[in-house]
Amino acid sequence: SQTIHQWPATLVQPVGSPLSLECTVEGTSNPNLYWYRQAAGRGLQLLFYSVGIGQISSEVPQNLSASRPQDRQFILSSKKLLLSDSGFYLCAWSGRAAIYFGEGSWLTVV
Amino acid sequence: AQKVTQAQTEISVVEKEDVTLDCVYETRDTTYYLFWYKQPPSGELVFLIRRNSFDEQNEISGRYSWNFQKSTSSFNFTITASQVVDSAVYFCALILTGANNLFFGTGTRLTVIP
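Protein sequence lines, in the order shown, are assigned to chains U and G. Going by the numbering used here, the residue at position 43 of the first sequence is 43; the numbering climbs one at a time, nothing skipped. Counting from 1 along the second sequence, just add 1000 to a position and that's the residue number in the numbering used here.
Simulated from the structure, these hints should not be mistaken for laboratory data. This structure is a prediction, so every number in the text was calculated from the model and none was measured. Among the hints, a few may not be true.
[Stated by the list, open to error] With a straight-line Cα cutoff of 20 Å, these simulated SDA-like cross-link-like pairs (lysine to any residue) come out: (1) G:K1038 x U:R96; (2) G:K1003 x U:A9; (3) G:K1038 x U:S94; (4) G:K1038 x U:I56; (5) G:K1038 x U:H5.
[Stated by the list, open to error] Interface residues of chain U toward chain G, partial, derived using beta-carbon atoms under 8 Å: (6) N32; (7) L46; (8) Y49; (9) G54; (10) R68; (11) A98; (12) E103.
[Stated by the list, open to error] Simulated restraints on C-beta separations: (13) G:R1028 x U:S1: 16 to 24 Å; (14) U:R96 x G:T1030: 37 to 45 Å; (15) G:V1014 x U:K80: 46 to 54 Å; (16) U:S57 x G:V1024: 26 to 34 Å.
Note that the Cβ used here is the ideal one computed from N, Cα and C, for glycine as well.
Generate coordinates for the entire structure from the input sequences, incorporating the hints supplied.
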């Protein structure tokens, strides 16, 4: 069966520091991969998606970037975090029936 | 443009009551999929159901049921005999066929009181 994992689960970072969130999918090949952000009390916003290695599409211009160095690995990064980057970040992959989400990463920028 | 509206921000019910969560969507496309997800306090989004735009048949899964009506652009979710474990935020979402962006509503927080 397919599984998706992302880490770290929680982190507190100072403004201006870098960020790296990682996500891996097991049990499938060449999945579509996604990064979503959920701000407090709001719905989910698509940040990036990828249909293959090295192929990244950005939905929202911002302080973040994404990379897909391997087929089942998706990384969300920032060189300098802003306070507004705080939120809950979710990685996801697209299966036949639905889009399936990881456990999420809580980011607090202080 | 696509839009999903969940007008109920928060709902509280007493255990064993039935509760319906409303979802209204907007799209000019004729082919799309609708979803419901559950987000418990742990934060993970749990997939509940997918319905495609050509299938208006209602579905029942245990205590859960879904009513899809294209005429009113609604995809409502009913929990029968609610339980405390049903307490969570529920999201309705829409994706166009062949697209990559899942449009989410803002969610409905359901609290089931024991």
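Contradicted hints - numbers only: Hints 2, 4, 9, 10, 13, 14 are the ones this structure does not satisfy, whereas the remaining hints hold.
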